[in-house]
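If you're matching them up, the sequences are chains Z and R in order. Numbering follows our numbering, with no gaps: position 167 of the first sequence is 167. Heads up, our numbering is the position in the second sequence plus 1000, with the first residue counted as 1.
For the record, the hints were derived by calculation from the structure and aren't laboratory data. Note that CB positions come from ideal geometry on N, CA and C, so glycine has one too. Don't take every hint at face value.
To be verified - Listed next, with one range per pair, are the computed distances between beta-carbon atoms:
1) Z:R71 / R:K1015: 42 to 52 Å
2) Z:A121 / R:I1263: 49 to 59 Å
3) R:D1296 / Z:Y11: 22 to 32 Å
4) R:A1004 / Z:D66: 36 to 46 Å
As the list claims (entries may be wrong) - Which residues of chain R face chain Z? A partial, calculated answer using Cβ under 10 Å:
5) A1004
6) K1005
7) E1167
8) E1224
9) S1283
10) R1289
11) D1373
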Amino acid sequence: MLRLENVTKTYRTRNGTFNALDDVSLHIEAGEFAVIRGASGCGKTTLLMTFAGMLRPTRGTVLFGDRDLYRMGSAERACFRAQNLGFVFQMFHLVPYLSIAENVLLPAAAAGLADPGTRAAELIDKLGLASRRHHDPTQLSAGEKQRTAVARAMLNEPRVILADEPTGNLDPDNARAVLGHLAEYHKGGGTVVIVTHGPEAAQFADKIIHLNAGRIDSNP
Amino acid sequence: MHIAKLIVKEILHRKTHFLLGLVAVAAAVALVVAFVTTAAAGNRETARLMLKTGFNLRIIPADADMNRFLINGFSDRTMPAGYLDTMARQEGFSYNHLLASLQQKIAWRGMEVILTGLAPEVCPPDRKKPPMVFEVKRGTAYMGSVLAEALDIKKGDAIDVNGTMLEIVQCLSPSGTLDDIRIQCHIADAQTILNLPGRINEIQAVDCLCFVPTDDPLAILKDELARVLPEAQVIQIARIAEARNQQRRMVQSYLAFIMAAVIVVAGAWIGLLAMLNVRQRQSEIGIMRAIGYRADYIAALLLGKAVLMGLVGALIGFTVGSALAVVFGPDIFKVTAKALKTDYALLLWSLIAAPAFAAVASFIPVMRAVAQDPADTLRKE
C-alpha cells in the first residue's frame, strides 16, 4: 500500500549537506500497524513526512498504491491527504482559536464530508472529551489535547494514520490511552504508522522498522 | 468550517495583533483623508491668498505700442468695451476676475494725474468668485495719496474733472506706486471725461492655471485669447505668475511627500505585522496544509484577515480623518474654512484602497508561508 523506493532526502546546512534519509526502501501493507523506531535525529520524522506527501525527497519514489505522490501537483496532493491520511503529532498542533469540537471537525471541509457533525460527536464521546467539547485547547491537559488530535485524525476515516511521536509529551497513562485508540482504529481495518523512539508502541506493532542514521537497520 | 468564521475566530483570539494592524491602516487612511480634505482647502486658500498679489494678466489692444505701454503703465490705444462682455461670456476660459479700465494721463489743477475709469469686476459664468477689488460707483472717485495731500482733498469733497463732478469717497493710503497719482472713478465717468464713449484700453485678469500642471501657462492663455479676441494681446506679469507657480509647486511637493511617507510607514507596519502573524500561525498553517487544505485556501484565510483589517481600518480612518479635517482645518485655513466639508468620495476610495493596500502589504509573508512544504512549517514549531 505505502512504498518507498530508494528514497534519499538531503538537507543543506551551514556545515554542508547531510542525508536525513539515505536510499531507504520499505513497504507497509494495508491494515498493518507499523512502528518505525530509532534514536532522535535518525530521520524518523523526515521519513513520516515523506510518506505523507509533505516533504519532497531529493531522490527516489513514494507510492501510495500505484500512485506516485510526488508526481501529483500541490493541490492534488493536498486533496489526496484530505481523503486518505490522518495525522497525529507530538506537539498536537491544535488550532488555538477553535474549540475542541471545531478542531475535530477541521478536516471535514478539506475532505468535503457531507455530515461530519455526527461522526465528530461520536469520536469526541469515544475519546472521553465530551465534557471538553466547547473548551479551548489552552484549557486542556496534554493527554486531552492528544486525544483531540487523534479524534481529528480519525474524522475522515482515512486509510492511513501517520503519527509522529504521539506519546512524546504524555505521561504513561495518557500514552497508553492514545496508543490504545490507535490500536483500536487498526483493529477496525485502518493502517497505522507510528514513528517513535520509545518502546511503548512496539506491543501493538505488526511490523517494527529500525532506522539508524537515515538507513533501515536490519540488525538493530 | 466556513473561511469567514475562521477569520473572525482568529481575530477574536489575537485581538491585540488585529488592533495593532487596524491602528496602522486607520492611521494611514485618517492621515490621507485629512490631508486630501485639507489639501483641497489649502489649494483654495493658496489661490485666494495669492490673489492678494494682484492681477497677473493684462489684456490690451494688439496694436498697442509696447514701449509706451511700459513707460506709461497703460496702453496708448483703446478697444471696444464690448471685449469685456466677450471674455465674460466664455466658459472653460482660463481668465477670471476681469476688470476693464480706461486710463489716460490728464492735466488737472496744475498736476499731471492718471485718470482711471474702472468697470465692475466680472467673472465668466463657470468661475463666479467674489470680486478682488472695490467697485466704484458712478459719480464717485478714489483719490491717490500724493494728489490728496498736494491738493488738500478730503473724503466727501466734490471735485470737477473736466466738467464732470465726482464725490471723493476715499483718499487712499500711500502705496509707492502710480496709484498715488491716480483718480479712480467709474468707467462711464472716465469715458465721458476723456470723450471716449464705449472704449477701454485694458482688461486686467487673473489666470486660473495656478493648480493645473502645465509647463507654459502663457501659451495656453495666448491661445485662448486669440480664439475669442484676436484684436487683443495678453501680457503676463512674470513676477506674480512665478510667485503663484512656486507656491503651487511647494504645496504639491509637500503633500506628495507626506502621502508617500504615510503610505510607506503604514505599509511597512502592516507588512511586519503580517509577518509576525504568519510566524505565530506556523502550527496552524502547517496542520491545515497537512490535513488537506489547499495553499490557496490558506492564503485566502490569511489575506482575508488583511482585507477585513483594511475595510474596518478604512471606515475608522475615514471617520477620524474627516473629523480631524473638519474640526482642525478651519483654524488653519481661515479664508476657506466654510469650504471644509466631509468628502464622501474619499470613503469609497478608502474602502477600495485600504483593503487592497493591506492585502498587498501582507502578500509576501503570506505567499512565503503557503509556498513552504507543510513539513518545514510544522518542523519550525
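Do the hints match the structure? See the list:
| no. | hint | result |
| --- | --- | --- |
| 1 | Z:R71 / R:K1015: 42 to 52 Å | holds, 44 Å |
| 2 | Z:A121 / R:I1263: 49 to 59 Å | holds, 50 Å |
| 3 | R:D1296 / Z:Y11: 22 to 32 Å | holds, 28 Å |
| 4 | R:A1004 / Z:D66: 36 to 46 Å | holds, 39 Å |
| 5 | A1004 | violated, 12 Å |
| 6 | K1005 | holds, 9 Å |
| 7 | E1167 | violated, 85 Å |
| 8 | E1224 | violated, 62 Å |
| 9 | S1283 | holds, 5 Å |
| 10 | R1289 | holds, 7 Å |
| 11 | D1373 | holds, 5 Å |
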